[in-house]
Every structure is written in structure tokens, then in C-alpha cells.
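So for the sequence shown, the numbering used here puts the first residue at 54; every next one is plus one.
Don't read these hints as lab results, they were simulated from the structure. Here the structure is a predicted model, which means the values were calculated and not measured. Mixed in with the good hints, there may be bad ones.
Calculated cross-link-like contacts (lysine-lysine; reagent style BS3-like; alpha-carbon spacing at most 27 Å) [claimed, not checked]: (1) K138 / K114; (2) K73 / K114; (3) K73 / K138; (4) K64 / K138; (5) K138 / K110; (6) K64 / K110; (7) K114 / K64; (8) K73 / K110.
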Amino acid sequence: QYQMQELYISKRFEGEDLVKEVYGNFRIGDESVDYAVLSLSVNTNNTMIRHLQIASKFITKDRHFDERLAVCATTLGMGWWYSEKCLQSMMLHSVRAYVKAPTVIA
Numbered sequence: 054q055y056q057m058q059e060l061y062i063s064k065r066f067e068g069e070d071l072v073k074e075v076y077g078n079f080r081i082g083d084e085s086v087d088y089a090v091l092s093l094s095v096n097t098n099n100t101m102i103r104h105l106q107i108a109s110k111f112i113t114k115d116r117h118f119d120e121r122l123a124v125c126a127t128t129l130g131m132g133w134w135y136s137e138k139c140l141q142s143m144m145l146h147s148v149r150a151y152v153k154a155p156t157v158i159a
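Start from the sequences, fold in the hints, and give me the full structure.
Encoded structure:
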């Protein structure tokens, strides 16, 4: 039903090199499932960027199913497939460990 895609993420932390991740077989659901990640495979071993998790739902500050996860979207200023890892980072005040610089999704 949903076509497979590839997701490329480029990330540069302040003062560091560009980090890239490629997710093959990337497939997300529609609005009825909150654009949840249905499948993906990681095509790189880079661990600088937190890996997406299957079943994570897309969350923005004004569109979310979980008020706790909306904190991540509000704090970081962007929509994403946030997970409990983001909440843990927020509680530990280590936002940079999760993501802090602008993310380019192509």
C-alpha cells in the first residue's frame, strides 16, 4: 500500500564534521496512523544521529498524540519521529546528544 523510499539525513553539529545517515526501505503510513514509520533499514554505521524507530509517529508542537513527546518538537523547533530517547535527553539536559543543529532532510 505504501511505496518504499530512501531517507537521507545530513547533520552538522557545531564545530564538527558533516554526519550523514541513509535509511533504505523507508516507509511511512498515512494520517490515519500519524505518519508512523512502518519500515526502514539503516545503510550506514554512523551513530552520531539517533536512529529512527519503527512505529514512531511523526510529532510536531501542534500535532501530536502524546503531550510528553510534544515537548521535544517544541524545544527543538521541528517535527520528527520522536521517541522516549528524546525525553530522556531532555530530562538529562543533554539536548545536543539527541539533536541540536538544524537537520536537513532530503
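Hints, verified against the model:
1. For the given pair, K138 sits about 17 Å from K114 by alpha-carbon distance, which is consistent with the 27 Å threshold.
2. Using a Cα cut-off of 27 Å, the hinted pair K73 and K114 holds, with the two alpha carbons roughly 26 Å apart.
3. For the proposed pair K73 and K138, the alpha carbon gap of about 20 Å is at most 27 Å, so the pair holds.
4. Between K64 and K138, the direct Cα distance comes to roughly 18 Å. Compliance with the 27 Å bound is thereby established for this hinted pair.
5. Between K138 and K110 the alpha-carbon distance is near 14 Å, which keeps this suggested pair within the 27 Å criterion.
6. Taking the CA atoms of K64 and K110, the gap is about 21 Å. The hint holds against a cut of 27 Å.
7. Between K114 and K64 the CA atoms are separated by roughly 21 Å; this keeps the pair inside 27 Å, and the hint holds.
8. A distance of roughly 22 Å separates the Cα atoms of K73 and K110; the hinted pair therefore holds under the 27 Å criterion.
In this structure, none of the earlier numbered hints is contradicted; all agree with it.
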